[in-house]
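Engineer: So the chains spell out like this:
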Amino acid sequence: MDSIEHMDLASVIALFEESSLGEMELTCSRYSLKFKRQGEGSYVASAPVAGQKTPKAEKPVAESKSEESGVIETITSPIVGTFYLTPAPDAPAYVQVGDLVEEGGIICTIEAMKMMNQLQTDFPCEIVSVLAKPEEMVEFGQPLFTVRRR
Amino acid sequence: MDSIEHMDLASVIALFEESSLGEMELTCSRYSLKFKRQGEGSYVASAPVAGQKTPKAEKPVAESKSEESGVIETITSPIVGTFYLTPAPDAPAYVQVGDLVEEGGIICTIEAMKMMNQLQTDFPCEIVSVLAKPEEMVEFGQPLFTVRRR
Amino acid sequence: MIRSVLIANRGEIAVRIIRACRDLKIRSVLVYSTADKDSLGVSLADQAICIGPPATAQSYLNKKNIIAAACLARCDAIHPGVGFLSENADFARDVEHAGLIFIGPKSETIALLGNKVAARATALECNLPITPGSSEEIRDLDDAISTAERIGYPIILKAACGGGGRGMRIVYEKKDLANALQIAKKEALAFFGDASVHMERYLENPRHLEIQLLADGQGTVVHLGERDCSVQKNHQKLLEESPSPILTEEMRTRMCQDSVKLFEKLGYRGAGTVEYLVEGNQYYFMEVNARLQVEHPVSELVSGLDLVKAQIEIASGKKLTITQDDVRLKGYALECRINGKSAGTITDLNFPLGPHVRIDSHLLPNSVLSPYYDPLIAKIIVHTPNRDQGLATMLRALSEVRIEGIETNLEEQKLLISSVEFGSGRFGTDLYVKLWEKQEKKSRGK
Amino acid sequence: MIRSVLIANRGEIAVRIIRACRDLKIRSVLVYSTADKDSLGVSLADQAICIGPPATAQSYLNKKNIIAAACLARCDAIHPGVGFLSENADFARDVEHAGLIFIGPKSETIALLGNKVAARATALECNLPITPGSSEEIRDLDDAISTAERIGYPIILKAACGGGGRGMRIVYEKKDLANALQIAKKEALAFFGDASVHMERYLENPRHLEIQLLADGQGTVVHLGERDCSVQKNHQKLLEESPSPILTEEMRTRMCQDSVKLFEKLGYRGAGTVEYLVEGNQYYFMEVNARLQVEHPVSELVSGLDLVKAQIEIASGKKLTITQDDVRLKGYALECRINGKSAGTITDLNFPLGPHVRIDSHLLPNSVLSPYYDPLIAKIIVHTPNRDQGLATMLRALSEVRIEGIETNLEEQKLLISSVEFGSGRFGTDLYVKLWEKQEKKSRGK
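Protein chains in written order, with this note's numbering: chain A, 1 to 150; chain B, 151 to 300; chain C, 301 to 746; chain D, 747 to 1192.
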């Protein structure tokens, strides 16, 4: 059985329900709970605990290690630069959603220090969505595309 | 059996249920709990806790409000001063362990600012133990005696 | 020679004094009420003695228990901090009679200055400008009416032995005078045990300035310049700065010289402050605070001196080793008081660090801001070359503060400091109310 | 005019620079590796840009990504902090070529000073005393043997382009010279890409002193006195103080004047330090640190100046508005570095507050002390009237520190500061080892 601090909510509720208790309050460093059986009065409450920083939303999704086909993966930026979907302002895009791309196919360029860095895929895939905004800065690890392995 | 801090919730609940208690509150460095048996009436609790600081050991035990005889109670110092069990250096002690004291009986003196403050009991009791060291400083709220109500 | 100090106070000022003791290698003994048993002060002091329950009358104002504790813990001296017994002449006398050193002025000085009428009279003797009014007690309604005619409305009635805004009544018209006099006398009696009141001209929107002084009681008095404490809410100071943005060098010189003169006349010993009201280019003596003040760090930063250390050294009989010429005021300091607006457990607490920032506080994460006592959480004080940089640094510091679990005045303070009015330096004691009305209007406009 | 600064660093120095930017109302952009995404710097900066994975070669040393980030975030300037790229002449040049301002010396100055042989030669031109040795590269074993004979054993071989203790070999006897020379050359090539080494007399137990300077590159150079950094462990500084307890006024004057002369000769721009070894009443030029240093707060406190602000103002083309006469060094400052001895999550963290104490840190409760980078937790710096009080105040501050979850050097630092040896001011760079041996003996004795 887990220590109190690391129990999941379902287990705590189950224990309370199985018991003959009318009310229960539990506070530990990670959370705080109050239970009261139905019909015991009108009060039902739960209280969060402050502290615990929520993780940042922009956490880059790491590329999946799986080699299975059909798996959805995220392609992230390997450098800091400006993201372009087209080789030139008036040229057509390298890829569009739904395109099938071969291994080594160019999918975008990232401009840094006046250099155009073409990004190639490591594996054959289908473009599922474009995540970065064209002509805007991308940072290291920023998700650019989601793709499906073929 | 685990120490209280490391008990799992199910065991705590079980112990409570097996007992004849109507209510239970438990606070330790890791968590805090309150239980109440079903249909125990009007008591509605609110949880304190937080500051995981363990309460100081010297916390004076509050005098019990109960008027029941036989109850063990602690008599604490109402002032800051030097604790004496005798009215004079060579005189016999006001009380000794085992003595029966009437309401208003003198049990010790506390000297402060060259004044001897005689401490009387509020109720008839038997001296169970002497907790403070004679001729040493006692602070406000410091336990001086444990007594049994008569 | 002081080897051991009993601190008869609590909160951040107790911690401040403990730190000074440690810096001086002096033992510190702190008294505390049961409500403060888990406080930072109790854990930092070399010894801590419980003196009573939460109610101040039975603990922090319990002279007998405090002095007994000092004697039993073999202390040489008692530091009263600010508030509580710090301006209680009887306490100072009892401390002296118990053979201990009272770290503060002589009890006679405290007694004299505690009576507003007597203090005004002494200031007059030193030719300090005082607000037009009676330097004596108002005898009766006729006396009140004629005095009010003479000095002009609005007038303010004050308890002769009062302080802290209590027992004051402002009167704008003659028809309200009789009733106000009656109430003021009743309040004076109720709060201070003395029905005497006196009357002064009421300044509607003055600035509050005060001159910080140090005197050794052996002939040397030095001043550390002024603090401008004009930003207040219900007579409670919120921001204090030095130098004042409105003071001319000429006015500053006169106010400082007057203050030194008064302290010389008083034979004052220790740290103390002369408070003034300023309107336009006129200043008026208001009162002497015969003790350390909450906002003392402002003067510490501009002067580079340590006022608490100085208090202890003066109390131990040392002469001041500095003269006025040695006091070099440098740069600008601003103090911001962070107060709780509710009591309770502070679940998360983070103070700003880094250059130019000093924090005086008695709270840690998971501390409880006690419902029994004043709600000060921390004093944030910055020291910079000038006011413009001081405001920027204070805003930087405030932006790093994190307090969870209780409500605070942090946002109000940010609003005040970033306001055009505070930035300009031109405002009166009504700034808080004005800005708050503005803010309310904005919220309503939405 | 600098309106926006990119900070190419991490940890407490990044936070220090962000605070300076905020005080100057300048926008701050911080680059960070994925390991630092939850750092205080990232949360305090106006913008944060991820530039690579934890490995420094791909993040904090990744010039291309850093400069690209600066351009794309429309920064005017890059502040390199300390360490990493702060003394990399190529980086400074690339920054300049990208049309950005490098907040530091000109790239040529960095290049010149990065070569120990060239730096020694320049110091010699300015008539600075240097340790007996070769001012040129050691050509071969014969050259080594004759040079060693001339200057006397023990000698030290150093990589000409080296630094940080790497590529050094101490030789006590002639018979070990051939082997040592071979290894030193190999290490120099491996670490610094250049096999050149030179030879100096090895001082066995010297003091490390350094003079802090500020120069605007437009003719004005001022010094802020010395820092004594003699307390070290494995060539890493642990404690830094100013003024030094061993320096006579006459020696101080000469060292400061020599340092100013050298910076004038170099046409130096920005903040920089001249390091010296001191033995008895002799001092020897060692090297120039052409950047900000970790221990800069010590000089900030005694001088009342803000070195990071000054760096930014100088970089923006402003002339220094102060002359040497305006620099008034006041009191005593001591810095204590609190380092982690293990990485991990800091479950509880409490820094000391109150008067005379400054804390520079980048950690909060629940922060992770990263295993990838240097283990500095906080710099605690005190400023007091004199050394005796400084030591007392530092011990007071250290006694309030609470760090849980990782191991730290807190107890070692307390031991050092409270030791008779450190208290006396008379000790060498071997103090740490000596005290530790003593402590070990004591423990064994038990």
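Hint data in this document are derived by calculation from the structure and do not stem from the laboratory.
Given the structure is predicted, the values throughout are model-derived calculations rather than measurements.
A few of these clues could be false.
Unchecked claim - Rough simulated footprint, nothing fancy, chain C against chain B, three-plus residues with beta-carbon under 8 Å:
1) 230-241
2) 286-292
Said to hold, decoys possible - Here are the simulated lysine-lysine pairs, DSS-like style, with alpha carbons at most 27 Å apart:
3) Lys-809(D) <-> Lys-114(A)
4) Lys-1184(D) <-> Lys-979(D)
5) Lys-783(D) <-> Lys-852(D)
6) Lys-133(A) <-> Lys-783(D)
7) Lys-771(D) <-> Lys-738(C)
8) Lys-1065(D) <-> Lys-630(C)
9) Lys-561(C) <-> Lys-619(C)
10) Lys-783(D) <-> Lys-771(D)
11) Lys-1064(D) <-> Lys-630(C)
12) Lys-630(C) <-> Lys-619(C)
13) Lys-283(B) <-> Lys-364(C)
14) Lys-363(C) <-> Lys-264(B)
15) Lys-1007(D) <-> Lys-1087(D)
16) Lys-1076(D) <-> Lys-1064(D)
17) Lys-325(C) <-> Lys-852(D)
18) Lys-325(C) <-> Lys-1160(D)
19) Lys-771(D) <-> Lys-114(A)
Glycine included, C-beta positions come from ideal geometry on N, C-alpha and C.
Engineer: Now tell me, hint by hint, if it's right for this structure.
Structural biologist: Each hint tested on the structure:
1. Coverage of the segment 230-241 of chain B by chain C holds. Counting CB-CB distances below 8 Å, 3 residues qualify, and the rule asks for three or more.
2. Beta-carbon proximity to chain C at under 8 Å applies to 5 residues in the segment 286-292 of chain B; the threshold of 3 is reached and the given coverage holds.
3. Between Lys-809(D) and Lys-114(A), the direct Cα distance comes to roughly 14 Å. Compliance with the 27 Å bound is thereby established for this hinted pair.
4. Straight-line distance between C-alpha atoms of Lys-1184(D) and Lys-979(D) comes to about 15 Å, which keeps the hinted pair within the 27 Å bound.
5. A hinted pair counts as satisfied when its Cα atoms are at most 27 Å apart, and Lys-783(D) with Lys-852(D) does not qualify at roughly 31 Å.
6. With a C-alpha separation of about 22 Å, the suggested pairing of Lys-133(A) with Lys-783(D) holds against the 27 Å cut-off.
7. Distance check on the hinted pair: Lys-771(D) and Lys-738(C) sit about 26 Å apart at the alpha-carbon level, within 27 Å; holds.
8. A hinted pair counts as satisfied when its Cα atoms are at most 27 Å apart, and Lys-1065(D) with Lys-630(C) qualifies at roughly 22 Å.
9. A distance of roughly 18 Å separates the Cα atoms of Lys-561(C) and Lys-619(C); the hinted pair therefore holds under the 27 Å criterion.
10. For the hint pairing Lys-783(D) with Lys-771(D), the CA-to-CA distance comes to about 24 Å; that is within 27 Å, so the pair holds.
11. Straight-line distance between C-alpha atoms of Lys-1064(D) and Lys-630(C) comes to about 23 Å, which keeps the hinted pair within the 27 Å bound.
12. Between Lys-630(C) and Lys-619(C) the alpha-carbon distance is near 24 Å, which keeps this suggested pair within the 27 Å criterion.
13. In summary, the hint linking Lys-283(B) to Lys-364(C) is supported, as the alpha carbons are separated by about 22 Å, within the 27 Å threshold.
14. For the proposed pair Lys-363(C) and Lys-264(B), the alpha carbon gap of about 14 Å is at most 27 Å, so the pair holds.
15. This hinted pair does not check out: Lys-1007(D) and Lys-1087(D) have alpha carbons roughly 41 Å apart, beyond 27 Å.
16. Simply put, Lys-1076(D) and Lys-1064(D) have alpha-carbon atoms about 26 Å apart, close enough for the 27 Å limit, and the pair holds.
17. Pair hint Lys-325(C) plus Lys-852(D) does not hold up; C-alpha atoms about 49 Å apart against a cutoff of 27 Å.
18. With a C-alpha separation of about 16 Å, the suggested pair Lys-325(C) and Lys-1160(D) falls inside the 27 Å cut-off, and the hint holds.
19. About 30 Å separates the Cα atoms of Lys-771(D) and Lys-114(A), which puts this hinted pair outside 27 Å; it is violated.
When held up to the earlier numbered hints, the structure conflicts with 5, 15, 17 and 19 and fits the remainder.
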